[in-house]
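K.L.:
Residue numbers (the working numbering), protein chains in the order written: chain V, 523 to 892; chain L, 146 to 488.
Worth flagging that the hints you see were computed from the coordinates, not collected in a lab.
Idealized CB from N, CA, C, for every residue including glycine.
Some clues are possibly wrong.
Unchecked claim - Which chain L residues face chain V? A few, computed with CB under 7 Å, are given here:
id, residue
1, 344
2, 384
3, 387
4, 403
5, 405
To be verified - Listed below are several chain L residues computed to face chain V (Cβ distance under 10 Å; list not exhaustive):
id, residue
6, 191
7, 193
8, 267
9, 269
10, 406
11, 439
12, 440
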Amino acid sequence: MDEDSGEARFRKAVIHRRAPVRSRPRPARAQRALHGLRRTFTQPDQTVRTWGGSLAPWRLTAVGVVLILALGFFWVRLFHIGPPSVEDLRRAAGVDEWKTLPIGVKDDQPGIAERDPATGDWRGFDIDIAYMIAEDLGFRRDEVEFYGIESEDRARMEATDLKGKPVQVKMVIASFSITKDREDMPNVMFTQSYLHTEQSVITLKGHGKVASLEEFKGKTVCTLSSSTSALAAAKSGARLTRRNRVSECFELLDNEKVEAITTDAAILGGYKYRYPDKYDHWDLGLENTEAWGVSVGANEALRDLANLTLYRSFEDPKDARWEKAYVANILPETAANKTVDGKRVPLARPQQPDTTRPRVRELPWEEVVP
Amino acid sequence: MTVTPLPRPPRRVRRNQLNWLLTALPAFPLVLLVLRLWYLSRQDLPTMLLLVQYISPLGMISALIITLIWTVPAVVLVLRALGGLLLVSSPDPEDAARRSLLALTALRMPDWVVAVAVVLAGFTWQLRLLPALIMLTAVIVALTAVQRYPGERRMLTVVTLVVPVALGLVVLIWVWPGIRTALAAGDAGTAVLLLVPALLGWLLTGPVPPRAARLATHWPAVAAMIAAPFVIGVVFLRAPVLPNSAVEVAERDGAPIRVIRGQLITVDDTATTILQRGGEVVFIPNGEVRSKTLCPEPIRTQKSRITVRGWAIDESVLEWVAPTRRAVDVDSRCLGRPDNRPG
């Protein structure tokens, strides 16, 4: 857009007309000084045009700052800076190099996670959630490997295979309640919660009415070792028998070695549904919510990817995988879970817990999150 | 010594270029509309042709206007401010106007255009941009005053210093709660947007050094003009042009009802045509349709929690004033589950 042709002619004209000026006699020294002074102090026409010229350099700086900020905003909005993209997360998590996805789950909790010993099939709510996360990570169903994991091993992420050999898993989805203490452990990192349940208690059929844990003061109650339920049970003054598997607790209860079992209602509800005439399930007046989360060990990128799946299922109207898992596993159990006087025992909240949007970069032409 | 500039040759080249630009400009929205359809059809030509057949141009243009109306005042005001700065900073404004299209636009832009742009921006810009709008207006007024009345020193002092500083203070007092909330929420971008215009506005009301003027105004404007079509295109590609809906379908009486979600293309006397999110087109015979519902736009549901005195920062005056629908529970059909109402 520059066109300097006019300017060149202009300069030529000036040179041409200066020649006669030089030939004049030089003005006196005093006169020249006076002229210089006048030029300094009386501002000719041009200075009026540049009103406020003293601030000019500062203004230039301000223009520069504004330009840089504007550029920065567009850059951040459209391109690299900011949260990572799904590609970045997959690379950081190492997902692309895994041939299979080993996941630690419970194997003796009907309705939540259970292995059918006859067929070797895995079934339950935790299993469906695991399949949902695995699907978004790009694993087919036959590439997902489930391993039974005991409560005390969840923080170490060490499951056992069918021959009893220890297996390191990438993820633990085993009715694992999110607590501050667990989050502070070195190898435990939770996603957002995928189920809200509460603590309840189960007894053999014919037991007197139960409304609180204090009623078991001095009696023996079985609970899972290293579980949140043990804390509340310990406070109530009951004698605790801790077992690593909830099925072992039920063996003790069946042999009347313990008076009751206390743990999360969603776990006990599955047993009550399977053996409705054998047990009584009681709601406790505890206000603590047990929020189950997926533990991913120290893999922060994997946590974000799992959160993305949970957020999609929560936010996207098209994505009804959580709802399907609930309807298939927990909803049928609610009818059977009533106390003797017909009151319903709440098993779990029937909606997916509120899930916030994970920090994932989304370009306008990507549909990462709804 | 009198210097009379020699007469310059007529500038045919520049005028020709301008004419071509004016010819090409109306084609831009057309290209945008076609691109939008191409994007919607996931690059599948038959799907795109089907969309072309049924989508009304009026509907597309409405979507275009609603989505992009805020960019018009942005372009006008930024051009006027940068051009004014260039005019004021150059020793010879006429020469600057000859050399730069930006300065020429600013010089010839009627005042009412600026006024209309300010009003339009006031209604359509989000709250977080309003401090920038207020200070931009003050800057344009001050630059115009410097340009037109260079001798009125007292008036210029008021317009270029007192007014912008006072306005900046008022704006700061107004948005201060918003800045604090934004910082507490970790949203540094919003905090900067609310804070910086009030701080820098008063400084932009006069000339910059003449030698740097072109570099600081002309070339950024050129860069912005080159980038603008891409930015506008990206903004428009995100805008919905078809209604999101969910349709309950049962193949025969008594069969289980399933829900199909997608964007409703058309309903004719034999079938309901729906574009699903992946880009597949489904034709549902009208006899199988049990019910239909409109679904909320999922992208627009996220409202910012940051407010300035009760006004969400991502809402414009128009959105604030215009009647809006109360937020209601999402229809279960939009979540893909059949509606289980009795009857």
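K.L.:
Report the numbers of all earlier hints that the structure fails to satisfy, in ascending order.
P.N.:
Violated hints: 1, 2, 3, 4, 5, 6, 7, 8, 9, 11; rest satisfied.
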